[in-house]
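A.B. asks: Based on the sequences and whatever the hints tell you, model everything.
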Amino acid sequence: MYLTKTPFWLRSLYPSLVWRMPVQGEKKIYLTFDDGPHPQATPFVLDQLAAYGAKATFFCIGKNVAAEPDIYQRILAEGHTVGNHTQHHLNGWKTDDTTYLHDIATAEQYISSNLFRPPYGRIKRSQIKALHQQQKKIIMWDVLSADFDTRLTGEACLAYVLYHTQPGSIVLFHDSAKAWDRMSVALPKVLEYFSEKGFRFEGI
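Mapping of the sequence shown onto the working numbering: residues 16 to 219, in sequence order.
Certain hints may be false.
Taking lysine-lysine and the DSSO-like style, the derived pairs with C-alpha atoms no more than 30 Å apart in a straight line are [said to hold, decoys possible]:
hint: 1; residue 1: Lys193; residue 2: Lys152
hint: 2; residue 1: Lys20; residue 2: Lys193
hint: 3; residue 1: Lys20; residue 2: Lys43
hint: 4; residue 1: Lys20; residue 2: Lys139
hint: 5; residue 1: Lys139; residue 2: Lys42
hint: 6; residue 1: Lys204; residue 2: Lys109
hint: 7; residue 1: Lys109; residue 2: Lys144
hint: 8; residue 1: Lys212; residue 2: Lys42
hint: 9; residue 1: Lys152; residue 2: Lys70
hint: 10; residue 1: Lys151; residue 2: Lys212
hint: 11; residue 1: Lys193; residue 2: Lys139
hint: 12; residue 1: Lys212; residue 2: Lys43
hint: 13; residue 1: Lys109; residue 2: Lys43
hint: 14; residue 1: Lys193; residue 2: Lys109
hint: 15; residue 1: Lys193; residue 2: Lys78
hint: 16; residue 1: Lys212; residue 2: Lys109
hint: 17; residue 1: Lys42; residue 2: Lys152
hint: 18; residue 1: Lys193; residue 2: Lys70
hint: 19; residue 1: Lys204; residue 2: Lys193
hint: 20; residue 1: Lys109; residue 2: Lys78
hint: 21; residue 1: Lys109; residue 2: Lys151
hint: 22; residue 1: Lys78; residue 2: Lys151
No wet-lab data here; the hints were simulated from the structure.
C.D. replies: In structure tokens:
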């Protein structure tokens with residue numbers, strides 16, 4: 016089960032995490048991409064963003080950065096923001112704190128950022144506390160494209176994003192093989208739709 020719109024009650028349980036960006040009425044949206052770099056998906060995303068002058072935030076897996084260093088450097092060279100998504104995509108609920116924090120530290124060898132997003136959005140309060148002590152900003156989301164769900168179509172993912180996104184929304188996509196069929200359909204139309212409505216896309 017997952018929620019395509021993160022409800023207020025859930026956000027209020029973890030007020031120290033970043034769920035939305037303060038925009039004070041400005042028409043800004045914050046696209047984020049998890050699990051890359053990927054040799055097919057990430058260059059596609061970068062090309063789409065460039066076509067609209069859009070910036071985004073990429074939460075990268077350390078081992079994928081090690082495997083695709085040139086794509087990672089392209090993300091940086093084109094002015095996007097990066098964040099840590101662990102070295103091996105660990106589920107915080109199922110991982111002891113020492114192992115979890117060590118995996119994040121390992122990813123830091125490849126990813127220089129104080130931004131962190133927990134894989135699956137699953138993180139223990141003890142892990143949150145430890146990361147805050149390291150001055151990490153934990154970035155969640157308020158709009159989930161659900162592009163990872165192989166039961167859905169790209170048009171369904173697009174509909175979720177168009178319906179739920181507001182100024183200041185942090186929107187979650189994936190630049191991964193699993194999400195490719197849906198993300199590659201939805202992302203160009205999201206960029207087109209909101210650009211035509213005068214929105215800007217920025218990094219966190």
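A.B. asks: Determine for every hint whether it applies to the structure shown.
C.D. replies: Hints and how they fare:
1. Lys193 to Lys152: With Cα atoms ~27 Å apart, Lys193 and Lys152 stay inside 30 Å; holds.
2. Lys20 to Lys193: 21 Å, holds
3. Lys20 to Lys43: 18 Å, holds
4. Lys20 to Lys139: Status holds; Cα separation ~21 Å.
5. Lys139 to Lys42: Violated: Lys139 and Lys42 sit about 33 Å apart, past 30 Å.
6. Lys204 to Lys109: With Cα atoms ~36 Å apart, Lys204 and Lys109 exceed 30 Å; violated.
7. Lys109 to Lys144: 17 Å, holds
8. Lys212 to Lys42: Roughly 9 Å separates the two Cα atoms, so the pair holds.
9. Lys152 to Lys70: 19 Å, holds
10. Lys151 to Lys212: Violated - the C-alpha atoms of Lys212 and Lys151 are around 33 Å apart, more than 30 Å.
11. Lys193 to Lys139: 26 Å, holds
12. Lys212 to Lys43: 11 Å, holds
13. Lys109 to Lys43: Violated - the C-alpha atoms of Lys43 and Lys109 are around 35 Å apart, more than 30 Å.
14. Lys193 to Lys109: 22 Å, holds
15. Lys193 to Lys78: Roughly 17 Å separates the two Cα atoms, so the pair holds.
16. Lys212 to Lys109: Status violated; Cα separation ~42 Å.
17. Lys42 to Lys152: 23 Å, holds
18. Lys193 to Lys70: 23 Å, holds
19. Lys204 to Lys193: Since the Cα atoms of Lys204 and Lys193 sit roughly 19 Å apart, the hinted pair holds (cutoff 30 Å).
20. Lys109 to Lys78: 20 Å, holds
21. Lys109 to Lys151: Status holds; Cα separation ~21 Å.
22. Lys78 to Lys151: 20 Å, holds
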